[in-house]
Each structure stands twice: as structure tokens, then as C-alpha cells.
Amino acid sequence: MLAYIVRRVWQMVPTLFGVMLLLFVLFNWVGGDPSYILAGKNLSAEALAGIRQQLGLDLPLPQQFLIFVRQVLTLDFGTSWSTQQPVSALLHSRIGPSLLLTGSILLLGTVLAIGIAALVAYLRGSVTDRLVTLIATCAMSVSALVYIIAGQYWLAFKGGWFPIMGWSDSTLDNLLHYLPLPLLLGVIVGLAPDIRFYRSCFVEELSHDYVRTARAKGLSEPVIMLKHVLRNAMIPVVTSLMMSLPYLMMGAMLLETFFGIPGMGKEVVMAVERSDFPVIKAITIYIALATMLFNLLTDIVYKLIDPRVQLH
Amino acid sequence: MNQHALLATLAALVLLPAQAADMNKVLRVALNAPETGFDPAKVSDLYSSTVTENIFDPLVTYDYLARPAKLIPNTVSALPTISADGKVYTFRLKPGIFFAADPAFKGKKRELTAADYAYSIKRHLDPSIHSPWSFLVDGRFVGGNELVKAAGKGTLNYDAPLEGIKVLDKYTLQLTLTTTNFNFLPILAMPAFGAVAREVIEANRDNTNAHPVGTGPYLLKEWKPGSRIVLEANPGFRKLVFNATPGNDPVDKAVVQALQGKTLPQVGRIEISVIEEEQPLWLSFLNRQLDISGIPQAALQSALVIDPKDPLKVRLAEQYARQGIQLQRQLLPEITFHFFNMQDPVVGGDSKDKIALRRAIAMAFPVSETIASIRRGQAVPMNYIVPAGVAGHNPAFRGTPKYDPAAANALLDRFGYRVASDGYRTRPDGKPLAIELACGTSALDKQWNEYWQKTFDTLKIRLSFKQGKWNELSKANHQGKLQMWGMAWGADYPDGENFMQLLYGKNAGDSNAADFKNTDYDRLFEASLKLPHGPERNQLYDAMNKIVVAQQPWIFGDIRMRSTLAHRYVKGLKLHPLLGTSWRYLDLQK
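Going line by line, the protein sequences match chains G and V.
Letter 22 of the first sequence, counting from 1, is numbered 22 in our numbering, and no numbers are missing.
With positions in the second sequence counted from 1, the corresponding number in our numbering is that position plus 312.
Read the hints as simulated data drawn from the structure, not as lab findings.
Don't take every hint at face value.
Derived DSSO-like pairs (lysine-lysine); straight-line CA-CA distance at most 27 Å [to be verified]: (1) V:Lys-482 x V:Lys-418; (2) V:Lys-858 x G:Lys-41; (3) V:Lys-758 x G:Lys-41; (4) V:Lys-778 x G:Lys-41; (5) V:Lys-551 x V:Lys-337; (6) V:Lys-418 x G:Lys-41; (7) V:Lys-482 x V:Lys-465; (8) V:Lys-829 x G:Lys-41.
Rough simulated footprint, nothing fancy, chain G against chain V, three-plus residues with beta-carbon under 8 Å [to be verified]: (9) 378–385; (10) 504–511; (11) 514–528; (12) 595–609.
Here are a few chain V residues that face chain G, going by a calculated C-beta distance under 8 Å [stated by the list, open to error]: (13) Pro-346; (14) Phe-410; (15) Lys-465; (16) Glu-589.
By construction, the Cβ of each residue, glycine as well, lies at the ideal position given by its N, Cα and C atoms.
Please work from the sequences and hints to get the whole structure.
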């Protein structure tokens with residue numbers, strides 16, 4: 001197991017290098033020139049050249065890439081080009097609200113989706129199953145934006161059950177006051193596709209021979225579902241969950257924008273709009289690192305769930 | 313109007329710190345886009361400036377009530393004396409004005425002096441700062457160019473003597489300009505020229521955007537970039553008592569009634585949220601989570617009852633009027649226009665056929681339709697380079713050609729733009745005629761594009777769109793790769809020069825995005841610089857506008873009307889064309 005982990009960690013090095021190279025090429029190709037934003041109304045050639053020099057954009061590209069490599073090795077991405085704030089401080093202040101929002105959505109959404117999916121899979125072919133499948137299919141065809149706009153209007157403005165938007169420095173205040181509506185809408189948006197996916201995982205497991213054997217042995221349905229089916233169906237479920245974990249860091253851009261949550265989603269949008277490369281670099285590298293780490297963690301969890309899985 | 317302007321005035325009675333603001337009064341407002349920071353020499357976006365104007369004090373400011381905008385002393389005891397040749401401005405500061413407390417002052421009270429203004433103005437010349445406002449001061453001060461040249465790409469030597477920016481004594485500042493300019497004062501009223509303290513800047517050299525320390529009514533309490541800004545009343549702010557005589561505007565009477573004799577500011581805390589989406593902004597206002605707000609485009613029809621015959625004649629919808637919501641409106645001191653790249657081989661140049669092509673496009677563009685549909689009637693056609701409310705505006709001038717697609721087609725026929733067998737026009741030399749228009753990627757841009765497509769279809773000219781982010785398109789324009797693009801220019805200061813310079817030949821490749829070079833225009837512009845605002849300069853401006861109408865480097869667009877709403881309990885609100893906010897004049901009486 002240890003050798004496997006060490007080997008996987010080593011494999012991350014060329015992957016990360018590839019990500020850096022791709023990001024660097026893409027930014028220099030289509031990323032836009034930030035000097036035109038920073039110059040404001042002063043677009044003289046001298047002003048633009050001065051800003052490019054200050055940002056290091058006048059350096060040869062290989063030298064700029066080496067600076068990028070050094071930033072990744074030290075995890076110090078310097079300061080934002082647009083606000084001059086240290087990138088680490090910006091991300092530090094943004095990560096908490098994002099994780100609180102997306103983490104809650106993931107947790108609540110997963111529990112609800114697995115529960116409902118297991119139930120309708122168990123009742124496969126029944127009216128309940130067909131109704132849930134129909135509702136889920138319809139719900140999936142509606143844009144997330146519609147849920148957010150309608151939810152904010154009817155539940156917060158018309159109903160008055162939630163604040164329209166806002167965020168506080170107090171986690172408790174956020175949990176009780178500002179988080180519930182975006183959480184509810186985030187769960188609603190993700191619930192339908194998750195139910196359909198998990199249902200298909202459960203249905204597939206229920207059709208296996210070992211389930212028939214278990215029934216033939218006289219095991220009760222709850223035992224079959226909870227002890228056998230659920231455990232085997234967890235492999236695709238865990239894969240889906242673990243793959244989504246790194247993206248928790250990215251926040252939920254639409255929810256953050258509509259509900260005034262100072263998270264990473266808003267920061268990403270701002271950075272792209274302003275061609276703020278240090279922030280874009282930092283977020284991309286952290287997401288890449290998290291993706292690779294969670295991939296490794298997923299493999300390890302496979303082994304824990306099913307000891308028959310061999311890690312090579 | 314001028315008489316009114318003279319009557320309305322603010323007086324600083326006693327220069328003693330006297331905290332009058334009620335810290336329980338919290339004003340909640342929103343910015344429509346993220347700010348970038350609060351170093352006045354480093355930021356130029358509107359959103360950052362709304363904050364900096366409440367933290368820093370420029371030498372002069374604007375009378376809150378007077379219209380047209382009128383300059384009044386701010387930290388100076390009187391408006392400056394200006395030499396007969398319009399070159400030497402001498403300011404006398406009021407003693408006893410102090411900066412907000414900061415660790416850089418080591419526990420001592422730090423008085424504002426003339427040296428602070430000298431330092432703050434010089435920062436805009438500093439090559440290492442890259443001030444977005446340097447174009448307003450470059451080459452303006454005697455000896456300035458030499459000092460900048462000596463700095464090279466490094467830091468300006470702030471201690472070197474500079475004839476153009478001289479501290480005569482602790483409270484006296486003398487600015488000596490290289491050329492006659494009677495209209496320089498409004499530049500110094502901009503928030504960008506507010507006073508900073510050198511020791512604060514040097515102590516926070518790496519992050520001056522996050523450490524604004526000024527002498528203004530508010531100080532920065534909290535900043536979460538792009539999300540939330542909190543200002544609190546500066547406890548050391550000088551005693552400033554509101555004392556004004558109302559003019560004819562009924563709003564003036566309400567303002568005076570609410571504020572007369574009160575010490576400013578009244579509101580102790582201002583919470584500013586960045587809300588970019590229209591729905592949460594609008595619902596937050598209606599739900600009283602915001603005290604003041606603009607009206608989003610989508611809500612205009614429901615918030616306002618618009619007279620179909622005269623869309624600028626509006627009143628607040630009944631359900632909002634019943635709640636006592638206040639509506640205030642004003643034309644923005646700005647212009648919008650589409651420019652042609654005058655160096656482009658297809659649309660640029662001085663030849664008659666090129667002028668005819670540009671004129672035909674201008675004649676076929678339905679400005680009235682776009683105002684009605686896209687602006688929902690809340691704009692007026694632009695007819696002069698200098699907008700209303702800015703010194704030099706001529707309301708009688710009609711710069712937009714009459715909408716006449718048939719005449720536009722006839723003009724193209726006359727100058728050899730023939731319709732080929734494929735149904736599209738060719739150039740006079742027989743080559744295909746195709747024009748590319750640069751545009752953004754938003755839904756609003758797509759609405760505009762529909763009208764442009766219709767215009768070009770009417771003229772039987774092939775049109776394509778080059779979509780991109782603003783900075784990408786701006787770079788492409790600098791490289792001469794664009795043929796047409798739309799722009800807006802808001803007044804930095806209320807003087808015609810700020811607008812007329814947009815077509816000055818020496819600004820080609822900079823603020824002159826069209827690369828328009830016309831010797832007559834340039835000669836007239838240079839002559840206008842030497843004149844104070846008045847009939848003589850206005851004649852020159854008229855002549856320059858005629859050149860622009862004749863050459864058509866621009867298609868004049870429209871000037872937007874701003875509508876602002878405030879709840880019943882917000883007192884003292886009056887929109888100002890140049891002050892970005894009214895916060896220091898507001899009171900909340902819930």
C-alpha cells in the first residue's frame with residue numbers, strides 16, 4: 001500500500017507540470033492583457049509598457065514560466081494584479097464560505113439522494129419509482145438559474161422566510177440565517193441528477209445473482225439492501241463523491257453571486273474578467289493538487305470498502 | 313441657475329474635531345461591480361472612487377446643491393488665486409485639519425499640510441506607481457517632465473525641488489503650470505487628488521490599496537475585496553456644519569430641512585455590498601436590506617410609470633410611491649459613441665467616398681429606436697461632444713444626422729458603392745465591402761448587435777462581429793486591428809476639455825481611440841486650452857464639433873438617464889453629477 005502511495009505521489013509531478021504548462025500557454029494565448037485594465041483611461045504606450053514591466057509581462061516567456069514554477073514550489077503566488085492583495089490572503093478569506101456552502105450542499109444532497117435512490121430502487125417499477133423518476137427527469141431539464149431566481153423571489157422576497165442575500169463573519173449566524181436558502185436551492189439543483197445516478201447504481205446491484213442468492217437464503221430485504229447492495233453500490237457512489245470534492249473549493253458561482261456569499265466562485269469570475277493571472281494560477285494549481293490527492297484517496301477508500309480490490 | 317449656485321454653500325464653521333455621527337445609524341448601499349482598492353493614485357474605477365471620495369479630501373470640492381456643478385473650497389480657506397496668465401495657482405490650507413489615526417503616526421495627531429498635497433500630486437507623476445490618472449498631470453507642471461525623466465523607470469525623487477509643485481509654507485501650496493490653463497481646478501477636485509500622508513504610504517508600501525488613511529469624513533473599517541466594504545465615521549473629522557440656502561429645486565428644500573445646522577456626517581457606519589446581479593439588488597432594496605439603489609433595467613417598467621409620448625417624463629409606480637420611496641433622476645455627464653478607425657483602409661481616411669460611407673452608416677443607425685427599446689426610453693440622443701452639465705456644452709447643436717436609410721443608400725450609390733450580384737455593396741474600386749464591428753459578449757451587446765445588423769442590412773453592407781473582453785478589444789484597437797467599436801466616456805471633471813481631447817491628434821493611440829488626426833481640429837483644441845470657459849471657447853468647441861460632424865469619425869450615441877431610489881427614512885439625498893456619493897450628507901430617520 002505504501003509503495004503504491006509513493007508511486008502515485010511521484011506520478012503527480014509530471015501531471016502537475018503538464019497542468020502548469022497548459023495553463024501558462026492558455027493564459028498567454030487567450031488570457032487577455034491585464035495592462036489594459038490596470039491602465040484605466042491612461043492608455044498611452046508608455047503607461048502600458050510600464051505596467052507590463054511591473055507585472056513581469058515583458059520578460060521572456062521561459063523566464064515567466066520559471067517564476068511560475070517557483071511560485072508552485074513555494075505555494076506563494078504573490079499579489080493579485082488587480083487589487084494588490086496577497087493571493088494567499090484572498091483565497092484564505094474565500095475558502096471558508098465556499099466550503100461551508102458547497103460542503104453542506106454535498107453532505108445534505110448526498111444523504112437525501114442516496115436515501116431516495118435506495119428507496120425507489122427497492123420499489124423499482126412501482127408508481128413511486130416512476131413518479132420520482134419522472135419528477136427527477138423534469139427537474140433536470142430546468143436550468144439552475146431558474147431555481148435560484150425563482151427561489152430567491154418566492155421564498156425570500158414574497159414568502160419572507162429567508163433574507164434576500166447576505167453573509168456574516170459569524171459561522172453560527174451564517175448557518176442559521178444566510179445559508180439555509182442557498183443550501184436548499186443548491187440541494188434542489190443537484191438532487192435530481194444524483195437520485196437518477198444513484199438509483200441506477202442500486203438497480204444494477206439489485207439485479208446481480210448474489211442478491212437472488214441472499215433472498216433464496218431467506219435474508220430479510222433490509223439486510224440485503226443495507227449489508228450487501230449498499231456496500232457494493234458504494235464504489236460508483238464514492239467515485240462520484242470523491243471526484244466532486246476538489247470542486248468544493250471552487251464554490252458555487254451562481255449561488256455565491258445571487259446570495260452575496262464571498263466565496264471562491266465569485267473570486268474565480270473576477271480573476272478571469274480582470275485577467276488576474278496570479279489568482280487564476282493559484283486556484284488552478286490548488287484544484288489540480290486537490291484532484292490528484294482525492295483521486296489517490298478514492299483508490300484507498302475502494303480498498304477499504306472492498307478488500308478484494310487490488311492496488312497496483 | 314448661477315444665482316442659485318451662489319446661494320447654496322457649505323461652511324466649515326469651527327475646525328475642531330467633533331464626532332457628530334450616530335454610530336447606530338447604518339447606511340446600507342451596494343456597488344454594481346467589484347472595486348479594486350483605495351489608493352487614490354492607483355485606482356481609477358468608479359466603484360473604488362465612490363469609497364475614496366469619502367476617505368480622502370481634495371483641495372476643492374463641489375457644492376452639494378448647486379447646479380450646474382460649482383466648485384467650493386474643501387480643505388482650503390478659499391478658492392485659489394490664479395495668476396493673470398492662468399499658470400500659477402496658489403492654495404491656502406485651513407489649519408487644524410488632521411488625518412485619521414494610524415500606527416504610522418506613532419500615536420501623534422498628524423495635521424494636514426501643503427506638503428501632503430505636494431506629495432499626493434507628485435505620486436501621479438511617479439513612474440513606479442503607474443497612476444491611471446497620470447495623463448491629467450503629465451507635462452502640466454514646470455519641471456515635472458525633467459523630474460520624471462530623472463526617475464527613469466524607478467521611484468520619483470519626492471525630495472527634489474520642483475518648481476511646478478512648490479510648498480511655500482506649512483499651509484501654502486503653489487502649482488505652476490507649463491502652459492496657460494484656466495480650467496485646471498476641476499481636476500484637483502477629483503478623489504484621485506485627495507491628500508495622503510507620506511509616512512502611511514511608506515509604511516504600507518506593498519499594500520497601499522488596503523490602507524487608505526485620509527482626512528475625510530469616513531475611514532475604512534473592513535474590506536473584503538469584491539464582496540463587502542465597511543466605512544465608519546472618522547472620529548477626528550473636522551467640524552463641518554451644513555449651512556445652505558435652497559435653490560428652486562424642490563429637492564433642495566427637503567435637503568435643507570433635513571440637514572440645516574447639523575454637523576456632518578450624521579451616519580456613523582456605511583455597509584457597502586458588491587451586488588452584480590440585478591434581481592438580488594432590486595429585491596434587497598425592496599426588502600429594505602438596502603437603503604438606496606438604482607433601478608435595474610429589467611425593473612424599470614414596473615418601478616416607473618413612463619409617459620409613452622415622452623419617456624423621460626416619469627413618475628414612481630403607485631405601490632412604491634405609497635411606501636414613501638423617493639425617486640431622483642439626472643442625465644449622466646457622459647457620452648456614448650461608436651468610432652471608426654480612421655487609419656483603416658476601408659472605413660478610415662479623408663477622401664469623400666470614405667466620409668460618405670461613414671455618414672451613410674450614421675444616417676442608417678436608428679438611435680431613437682435603441683433608446684426606446686434598449687434604454688427603455690431612459691436616455692437622450694447625443695448631439696455634441698461635450699454633454700449637458702459640463703462646461704462648454706451647446707444644447708442647440710445637432711450633431712446626429714437625421715435617420716434616413718433611403719438617403720443613406722442614395723449617398724452610397726452616389727459615391728460608387730455599387731450593389732453587386734450577390735446583393736451586397738462593393739467598394740468604389742470594385743473590391744468587396746465588408747466591415748467588422750467589435751463588441752462585448754453580454755446579453756446587452758447582443759441586443760445592440762441586432763440593431764447594427766439591421767443597419768448594415770439596410771445599407772446592403774456585409775457586417776461581422778468581433779467579440780471579446782474589453783481589454784482584448786482595447787489591445788486590438790491599439791494595434792490598429794479594429795474597424796469600429798462602441799465606447800462611453802464619463803466626465804472625470806466637468807470641463808469640456810475632458811471630452812474634446814478625445815479627438816485631439818496627439819492623443820491618438822491613447823484616449824483618441826478613433827486615431828482621428830485633423831490639423832484644423834488640433835489647432836482649435838490647442839487654442840481652446842488657453843481660454844477660460846466662456847463664449848470665446850464655446851465658439852472654438854462649435855467649430856470642432858462641426859469638423860467632427862463633417863468628417864464623421866464617430867457615430868454619436870446617447871446619454872443615459874440615471875434613476876435612483878431611496879427609502880422614506882433616507883434624508884438629505886440629492887444626486888450630484890460629479891460626486892459619486894451623497895453619503896456624508898445623508899441622515900437616516902427611521
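Results of checking the hints against the structure:
{"no.": "1", "hint": "V:Lys-482 x V:Lys-418", "result": "holds (21 Å)"}
{"no.": "2", "hint": "V:Lys-858 x G:Lys-41", "result": "holds (26 Å)"}
{"no.": "3", "hint": "V:Lys-758 x G:Lys-41", "result": "holds (25 Å)"}
{"no.": "4", "hint": "V:Lys-778 x G:Lys-41", "result": "holds (22 Å)"}
{"no.": "5", "hint": "V:Lys-551 x V:Lys-337", "result": "holds (19 Å)"}
{"no.": "6", "hint": "V:Lys-418 x G:Lys-41", "result": "violated (37 Å)"}
{"no.": "7", "hint": "V:Lys-482 x V:Lys-465", "result": "violated (31 Å)"}
{"no.": "8", "hint": "V:Lys-829 x G:Lys-41", "result": "holds (20 Å)"}
{"no.": "9", "hint": "378–385", "result": "violated (count 0)"}
{"no.": "10", "hint": "504–511", "result": "violated (count 0)"}
{"no.": "11", "hint": "514–528", "result": "holds (count 5)"}
{"no.": "12", "hint": "595–609", "result": "holds (count 5)"}
{"no.": "13", "hint": "Pro-346", "result": "holds (6 Å)"}
{"no.": "14", "hint": "Phe-410", "result": "violated (27 Å)"}
{"no.": "15", "hint": "Lys-465", "result": "holds (7 Å)"}
{"no.": "16", "hint": "Glu-589", "result": "holds (6 Å)"}
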